[in-house]
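Could you build all of it, start to finish, from the sequences and the hints given here?
2 protein chains.
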Amino acid sequence: MATATNSDASNKNAATSTISRNIGTSKEIKSAIPREREKMLKWNGWGYNDSKFAVTNDFMIYFSGDRYPIGNLILPYFKQWVQQIFNLDFTSRRVPKPMPTVYPDPILCDAFMNDISGQILYSIKGIDRLIRSHGQTLYEIHNLREGIIKRIPDVVVWPKSHDDVVKIVNAANSRNVTIIPFGGGTSVSGSVTCPQNEKRSIVALDTSQMNRMLWLDRPNMTACFEAGIIGQDLERELKAIGLTVGHEPDSYEFSSLGGWVATRASGMKKNVYGNIEDLVVQLKMVTTKGVLERKCLAPRLSCGPDFNQIILGSEGTLGVVTEVVLKVSKMPTVRAYGSLIFPYFDCGVKCLREVAARKCQPSSIRLIDNDQFKFGQALKPKATFFSSVIEGMKKAYITKLKGFDLNKMCVATLLFEGDDKDVKRQQKLINEIAEKYGGIPAGAVNGERGYVLTFVIAYIRDLALEFYIVAESFETSVPWDKCAQLCRNTKLSVSKECEKLGVKYYLISCRVTQTYDAGACVYFYFGFNYYEIKDPVETYEHIESVARTEILLNGGSISHHHGVGKLRSRWYPQSVSDVGVKLYKSAKQELDPKNIFAAGNLLPDSTDEHIHVHKPQSKL
Amino acid sequence: MATATNSDASNKNAATSTISRNIGTSKEIKSAIPREREKMLKWNGWGYNDSKFAVTNDFMIYFSGDRYPIGNLILPYFKQWVQQIFNLDFTSRRVPKPMPTVYPDPILCDAFMNDISGQILYSIKGIDRLIRSHGQTLYEIHNLREGIIKRIPDVVVWPKSHDDVVKIVNAANSRNVTIIPFGGGTSVSGSVTCPQNEKRSIVALDTSQMNRMLWLDRPNMTACFEAGIIGQDLERELKAIGLTVGHEPDSYEFSSLGGWVATRASGMKKNVYGNIEDLVVQLKMVTTKGVLERKCLAPRLSCGPDFNQIILGSEGTLGVVTEVVLKVSKMPTVRAYGSLIFPYFDCGVKCLREVAARKCQPSSIRLIDNDQFKFGQALKPKATFFSSVIEGMKKAYITKLKGFDLNKMCVATLLFEGDDKDVKRQQKLINEIAEKYGGIPAGAVNGERGYVLTFVIAYIRDLALEFYIVAESFETSVPWDKCAQLCRNTKLSVSKECEKLGVKYYLISCRVTQTYDAGACVYFYFGFNYYEIKDPVETYEHIESVARTEILLNGGSISHHHGVGKLRSRWYPQSVSDVGVKLYKSAKQELDPKNIFAAGNLLPDSTDEHIHVHKPQSKL
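First to last, the sequence lines map onto chains A and P. Going by the working numbering, the first residue of the first sequence is number 127, and it counts up by one from there. Going by the working numbering, the first residue of the second sequence is number 127, and it counts up by one from there.
Keep in mind the hints are simulated off the structure, nothing from the lab. Do not take every clue at face value.
Any copy, or any two copies together, can satisfy a pair, since identical chains are not distinguished.
[As the list claims (entries may be wrong)] In silico SDA-like pairs for lysine to any residue, Cα to Cα no more than 25 Å straight-line:
hint : residue 1 : residue 2
1    : K153      : K365
2    : K547      : D731
3    : K508      : F179
4    : K421      : D731
5    : K421      : D704
6    : K550      : P458
7    : K395      : E480
8    : K395      : S152
9    : K178      : G191
10   : K554      : Y577
11   : K421      : K708
12   : K365      : K485
13   : K547      : I367
14   : K395      : S455
15   : K550      : E480
16   : K476      : N183
17   : K395      : V406
Structure follows, in structure tokens:
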């Protein structure tokens, strides 16, 4: 029940329990993920324990389990592809270390433990702390697999409500204990990594048990959720009553609402539903100085600076997001996929640009480059390499009659949502625009495959690491006119750097994943065979850093939706200007003068050691 | 030319001259309004000197000049309407005082004057200072007409570029001189009123001469303007090359881009083009600590808190907005008007709600209540009272066959933009939805009239004041389910307060002007005959204050688009929470520690006298 307890009248934070809306009672939601995450999720990799890419005795690759459409199917072409691209040697395996049995002793603050004891569920067990010490950044997963344990949280706490968070934050602030908010653990910016030099007790504040739907307001089509709810739970509950929020970042099975807010997440269907900042109607964040919230549920205000936009993107450094009012929509009646092939990547970019300019974007439109196109083909369970991509056309028709070069063509995948009439109209219009740029419709099956693979792709790295391949994605946003050039130049700079460092076998590919009036989001995938490389993670990070510098030079941003975290903090000052840095520091100083929320994200911390680079035991 | 002068290398503000984009040269724009505003605009009222409501010798009302479609036409029904509603006595006139000849001596800071002398155009002439001492809030215009001059700016400066603003701000900061940015002078929140107790020199920084288009970027459909450009200049220049920004607040003939940003403006066509925060790609604000700007033109970023959203709504208290990159769109090929009549206001609200829920809003959709409907009819130049509203139907058909009550029915006006097919589809859909709520199409003419009147309505108050009527509008935003109730309750509370205070003849009416997924904007018009009231402005402000309290009680916001200014600052703290106030104060302290930008907006200033209430010489 979301009742206002107000148990501590003298407590400046204890004013109201929930964003008030007198609509029914709150709904408990049973999460698909248990509180003891490791029972269902990998402790040292991505996703479900029962779902992974694996290799048979005769070196065929398959995906295990039946959670995903490609589950339990041999992927006959994948082996050939990885061998060709990465020169992968199936006989040489890097086996991950087992789950540790010994953990660093926790640094405990007795007064704080006393404050929360009996009130807040907590744990100081090593495994509980370890699995909340990291997100999914390459160095984090690599460390886990290599058995390297650095500074990890000392205590895990599981608040069950906004009021619990208030208690924890007040106790931490008065006892000088630090807090790192932990949502779904899918960060790829190092944002939940502990500051390595932190001598105070570090509390991982796990929001997972704070995941109710506090109210649903049908007349206004809004709903208030506690920030710990994860995407799949939120959408499942809403779907059961014919509704959707429509926010689908690639991590949405596991990532949390609070995490979406804290990092400014973007979903693949943002064209219809908006990004997280468009979906949020109201926010509540617990700070050491009290609760920051706008006291009005009206849709749009002119009331000074918008502090919701300070909460959005704050990356856990200013407080804990506890409750979020989101817009909800009716489930669309029709969902249809589509795809287009283009002779060259640049044609595809031009097509996407016009689709955006004419404001007729379907729910999702993505453009994958030739390398990713081939990669997608390599993940097909059966049939010939090209049978499905041309669907209804002959391979000969595309490559011979139309003159497409199989090593240059690329594919756009499309997702349409709406009613039947709308979808048909959209499809017709998109095909017309595509034709202007040499695009040819390539069927719904390829489109659907593209979106299905979205959720599986994150699993590949765990297999890769097992065969001496490090890999990671990184993204940016860029004005339209610089999009194709940024893609080319970034790939080129990665290739040059690989050559310079003796990285022989690598893949650098990209896709345009989101389109806007004035530009687009570009996602890069980069991985290489590190069998002969001494410091794979350091090397990877160095090359990614070269790529980021190139991206910025080409007019790209520091991040479109992953956030800054610790991984990209060195570029934060130049991105927001000196005055922006001062403004951030003043907000931090005001809301958290003791640096309790010590995540160390956004601003580069010169006093902290370079946390994520280590010298793993190289094979050489 | 927008060249980087960097004349003062040690100057922390002097880094870059313009938001960089290597696209052609900047374009000088000749504004429709001269620098000496009073040559074209009323010094003590709204709009153009040659345009006003006036009364003939036989007490017929007309609108002068030919700038607007109702110009130079007798409005035969208007007289009857004002007599009926306001008990207006045409024989009793309150003649405004003439332009003053004596002004307060300016408080000058010699060092500051020396700093800017020869570099920045300035004036200390009384009239220049007076006409930049106010916006269009009732008390401001009333004071001017009554010959009451309070604290006015001491110096007017006209920077011609970002670099000029940097010079002025740095000089002011080092000399402890205060600045009030002045754009189009259309504020209705008291935001440009001088703090009455300010002893330091006050500089009105008039942005009007800083109005170039610095660049146009067609591939990305963005353009960079200097912040002083006013709406009509901006749209005229873009229209000439087939483009539009599409931002049309009711003040757009006179209000400036910088003002739109500083107040979070909203335009009537926001459904297609977005509000100002949706149109802005990049912003530049000069503060005493340097220039705040995001260093990237990418359309969307995940880069910590969004400081553009601190600039938006800052109301001149943190710095001067100098350059703005906006999205531009192609001019629509078709523009069509429409209207719907509903038997009751609530039916209309329900219709607008469904239109928003189905995300099929036309460019503009507005719902006016019965009083405003009648008011609109009263402004018709000719023909019978109802001839045009029913357009193609008989009055008998609506009132008899359909049973509409002429004293309860209300009207929605519609504006469609797009290509022919889109517009036709939208019209069909809107009519279908309207039918569900008892709505009947009432033709394009009534729709067009509604939008035409938009720009004329602001002129009425000047005539009203001449006949002992004070009037003003105020607005709010509210969740959908509370919309109709808020309208009813606010009107009721105004009526009750009028009764209590002996205000006998008044009008309180409203319209829904903007629709969103989760709620709407409501605009109230309130005016009364003050012939027998001692302190008309004080009385007006008291009643508006009662109305605002009622609005907040009914779930409405402090403001949808007018902003907070000084008029609504008493409700700011409760709107943004204590932590919000702290956050604002910390930003202010960081960016402007000497309180140079001393506008005194947003936060109630307990040390300042209640600036806008005065005791005018009452007629009684």
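message: Checking an output row: K476 and N183, CA cutoff 25 Å. Within, between, both or neither?
response: neither (46 Å within a copy, 65 Å between copies)
- prompt: Between copies, within a copy, both or neither: which fits K421 and D731 at Cα up to 25 Å?
  reply: between (35 Å within a copy, 21 Å between copies)
message: One pair to classify: K395 and S455, alpha carbons no more than 25 Å apart. Within, between, both, or neither?
response: This pair counts as both: shortest intra-copy Cα distance 13 Å, inter-copy 23 Å.
message: My question is about K395 and S152: at a cut-off of 25 Å on alpha-carbon distance, are they close within one copy, between copies, both, or neither?
response: neither (28 Å within a copy, 38 Å between copies)
message: One pair to classify: K550 and P458, alpha carbons no more than 25 Å apart. Within, between, both, or neither?
response: both (14 Å within a copy, 23 Å between copies)
query: 25 Å Cα cut-off: does K547 pair with I367 within a copy, between copies, both or neither?
result: within (24 Å within a copy, 35 Å between copies)
- request: Could you figure out if K547 and D731 sit no more than 25 Å apart (CA to CA) within one copy, between two copies, both or neither?
  value: neither (54 Å within a copy, 57 Å between copies)
Status of K708 relative to K421 across identical chains (alpha carbons, at most 25 Å): between (27 Å within a copy, 15 Å between copies)
field: Intra- versus inter-subunit Cα pairing at 25 Å for K508 with F179
entry: within (16 Å within a copy, 79 Å between copies)
- prompt: How would you classify K550 and E480 at a CA-CA limit of 25 Å: within, between, both, or neither?
  reply: both (19 Å within a copy, 23 Å between copies)
message: When Cα atoms must be at most 25 Å apart, do K554 and Y577 count as within-copy, between-copy, both, or neither?
response: Intra 21 Å, inter 35 Å, cutoff 25 Å: intra-copy only.
- prompt: Under a CA distance limit of 25 Å, which applies to K421 and D704: within one copy, between copies, both, or neither?
  reply: For K421 and D704, the Cα distance is within 25 Å only across copies (10 Å; inside one copy 31 Å).
This entry does not satisfy hints 2, 8 and 16, going by the numbered hints stated previously.
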